[in-house]
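Since the structure of chain Y is already known, use the hints to place chain C on it.
2 protein chains.
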Amino acid sequence: MKSFLKIYTEQKSQVDKKLSVILKKREPKSLYGPADYIIQSPGKRLRPILVLFSAKAVGLNFKDAYNTALSVELLHDFTLVHDDIMDNADTRRNRLTVHKKWDTNTAILVGDVLLAVAYELLTKDIKKNEKKIVSAFTKGLVEVCEGQSLDKDYELRKDVSLSEYIFMIQKKTAAMSEMCCKIGALLGDGKKEEVKALSNYGKYLGIAFQIQDDLLDIVGDENEFGKKIGGDLIEGKKTFLFINALEKSKGISKKKLLEVIKNKGIKEHELEFYKKIYTDLGVLESAKNEIEHYTNKALLGLKILKKKEDRDFFTWLAYSLIKRTN
Amino acid sequence: MKSFLKIYTEQKSQVDKKLSVILKKREPKSLYGPADYIIQSPGKRLRPILVLFSAKAVGLNFKDAYNTALSVELLHDFTLVHDDIMDNADTRRNRLTVHKKWDTNTAILVGDVLLAVAYELLTKDIKKNEKKIVSAFTKGLVEVCEGQSLDKDYELRKDVSLSEYIFMIQKKTAAMSEMCCKIGALLGDGKKEEVKALSNYGKYLGIAFQIQDDLLDIVGDENEFGKKIGGDLIEGKKTFLFINALEKSKGISKKKLLEVIKNKGIKEHELEFYKKIYTDLGVLESAKNEIEHYTNKALLGLKILKKKEDRDFFTWLAYSLIKRTN
Numbered sequence: 120m121k122s123f124l125k126i127y128t129e130q131k132s133q134v135d136k137k138l139s140v141i142l143k144k145r146e147p148k149s150l151y152g153p154a155d156y157i158i159q160s161p162g163k164r165l166r167p168i169l170v171l172f173s174a175k176a177v178g179l180n181f182k183d184a185y186n187t188a189l190s191v192e193l194l195h196d197f198t199l200v201h202d203d204i205m206d207n208a209d210t211r212r213n214r215l216t217v218h219k220k221w222d223t224n225t226a227i228l229v230g231d232v233l234l235a236v237a238y239e240l241l242t243k244d245i246k247k248n249e250k251k252i253v254s255a256f257t258k259g260l261v262e263v264c265e266g267q268s269l270d271k272d273y274e275l276r277k278d279v280s281l282s283e284y285i286f287m288i289q290k291k292t293a294a295m296s297e298m299c300c301k302i303g304a305l306l307g308d309g310k311k312e313e314v315k316a317l318s319n320y321g322k323y324l325g326i327a328f329q330i331q332d333d334l335l336d337i338v339g340d341e342n343e344f345g346k347k348i349g350g351d352l353i354e355g356k357k358t359f360l361f362i363n364a365l366e367k368s369k370g371i372s373k374k375k376l377l378e379v380i381k382n383k384g385i386k387e388h389e390l391e392f393y394k395k396i397y398t399d400l401g402v403l404e405s406a407k408n409e410i411e412h413y414t415n416k417a418l419l420g421l422k423i424l425k426k427k428e429d430r431d432f433f434t435w436l437a438y439s440l441i442k443r444t445n
Numbered sequence: 120m121k122s123f124l125k126i127y128t129e130q131k132s133q134v135d136k137k138l139s140v141i142l143k144k145r146e147p148k149s150l151y152g153p154a155d156y157i158i159q160s161p162g163k164r165l166r167p168i169l170v171l172f173s174a175k176a177v178g179l180n181f182k183d184a185y186n187t188a189l190s191v192e193l194l195h196d197f198t199l200v201h202d203d204i205m206d207n208a209d210t211r212r213n214r215l216t217v218h219k220k221w222d223t224n225t226a227i228l229v230g231d232v233l234l235a236v237a238y239e240l241l242t243k244d245i246k247k248n249e250k251k252i253v254s255a256f257t258k259g260l261v262e263v264c265e266g267q268s269l270d271k272d273y274e275l276r277k278d279v280s281l282s283e284y285i286f287m288i289q290k291k292t293a294a295m296s297e298m299c300c301k302i303g304a305l306l307g308d309g310k311k312e313e314v315k316a317l318s319n320y321g322k323y324l325g326i327a328f329q330i331q332d333d334l335l336d337i338v339g340d341e342n343e344f345g346k347k348i349g350g351d352l353i354e355g356k357k358t359f360l361f362i363n364a365l366e367k368s369k370g371i372s373k374k375k376l377l378e379v380i381k382n383k384g385i386k387e388h389e390l391e392f393y394k395k396i397y398t399d400l401g402v403l404e405s406a407k408n409e410i411e412h413y414t415n416k417a418l419l420g421l422k423i424l425k426k427k428e429d430r431d432f433f434t435w436l437a438y439s440l441i442k443r444t445n
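Chains as they are written, first to last, in the working numbering: chain Y, 120 to 445; chain C, 120 to 445.
Simulated from the structure, these hints should not be mistaken for lab results.
All copies of an identical chain are treated as equivalent in the list; a pair is satisfied when it fits inside any one copy or across any two copies.
Here are the simulated BS3-like cross-link-like pairs (lysine-lysine), alpha carbons at most 27 Å apart as the crow flies:
1) Lys220 / Lys277
2) Lys247 / Lys310
3) Lys310 / Lys243
4) Lys258 / Lys243
5) Lys383 / Lys148
6) Lys251 / Lys137
7) Lys243 / Lys311
8) Lys148 / Lys381
9) Lys251 / Lys143
10) Lys125 / Lys416
11) Lys258 / Lys247
12) Lys271 / Lys148
13) Lys251 / Lys144
Looking at chain Y on its own, in the form it has when it is part of the complex (with noise of 0.2 Å):
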């Protein structure tokens, strides 16, 4: 039998090989060169993923999911590639990112283009529920814009709580995991208990990661990471961390974190200072409960699927994500 990493990794190269052609043959030059550079970016091709063996799950053959599949990935790019400007970002997995390797102009025209491919795609492959499907795709992006927006708000206050941040990264990055399941799930036609189980999966698949994602920024490596490390605390980003800590401290580490806040960040000097902080209240180990805990809500429902092998690949998967290091 197969591992199931040999299992991804052989649809992930498939989908690094779509992606690798995808966009070769279109003009202007000017807009699909730096479009191909961000697609063609070495990544876990997650969404995709969870595309292909949802609708797996449901009894499609992987062929038949490849465009829909791609199209995630494309409205991932579009999402990466406005993100960066926005959060002013040099480099993306120690790569530079659109806008400073060519300029913000191009960079948003980009990302629009991504989009509008990610749609063409997306309709290319459906033969039934094309409104269902259409809708979830689109519920997916308006709600990434959304989460966005919060994720911008919340780092102008001082007061966001635990709940509020979930609420925003359910938004952010749990509505496209959640969208990706369904869609796969509706591609091949599943039953409604499968499109939920398969849906609830992504979303809380997705909040695991997140936080995952939260954590890594201090306890990950930075060369395999590919983001600096404490890059989120020297930015001030609202993480479960930070936020956690922020409700657990008094005294003197509040009034530190504080001024966090306040200085809209924290020196490179000062991060040993900070994790000190973290480990001292116990938010590493919060944020690692929190995973577990989402990863199980994630799993909770794939008892549904008919065949083993999905239902164990998905729980390899989850496990896989929250072991990660990059």
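Coordinates of chain C only, in the frame set by chain Y:
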């Protein structure tokens, strides 16, 4: 019998009324506030009108096409918000642009969410031809992005030909009006020939409309037009007039026109001088001839429409646009 202007105005009012409430209850306000500001900017609502009357021409009631009509208006607004960032425009129709009233990051995200909500509205009314309608809408979006990219490319080039210019505005402007007519006709489940005739009407109308827009930059009235007269020359844009002038000019005129490209525009006090070059070379006449040519092409296929009142409305609309001053 009602005048065509009255029929147009009635439907425009319906569109305005619906636009005024559509985003009001949505959260977060940081996102939908600026989005609401832009969709409520006064405008001709030409694109929704094309959807509504194309749907009517194949037998649908207006009331069954409003969501689709609003959808194309939001798509149009998405392009305006992002284009205004790229053009660094301070005002549009005498109001501050979104990125000036708020900031660039807000404007990027506002454009994105307008596009998202456009897709949301698009699928609401559809009962037939789902896939065709979403594909046509998406094709319009892809072409708008490509057209905008070409427009940016042309700014840096000396040798843009008139046929390249027509190719660009087909994508940047005409693809959208073509799409509006097409999805209106598809929404009403029109016959293949009706869909084709209406699509062509929208396409050629769009080309005529854009050349008229270029012309108004020189002959328009600043208050009515809502944009600075001569703005295209001041910014050094490759309009129909400029490209036509460059093709026709010799000697000193050619030298002065090439200076516009080199200096990326002209100074305001040079405007009268360049207007005289345009007049002497007869480019205003050429523009008027082209506008008439494309208007006639637009009307050519309309005889297939069943009702005289529909044919007459589209004819009236085309001629109103030619004669417009804003």
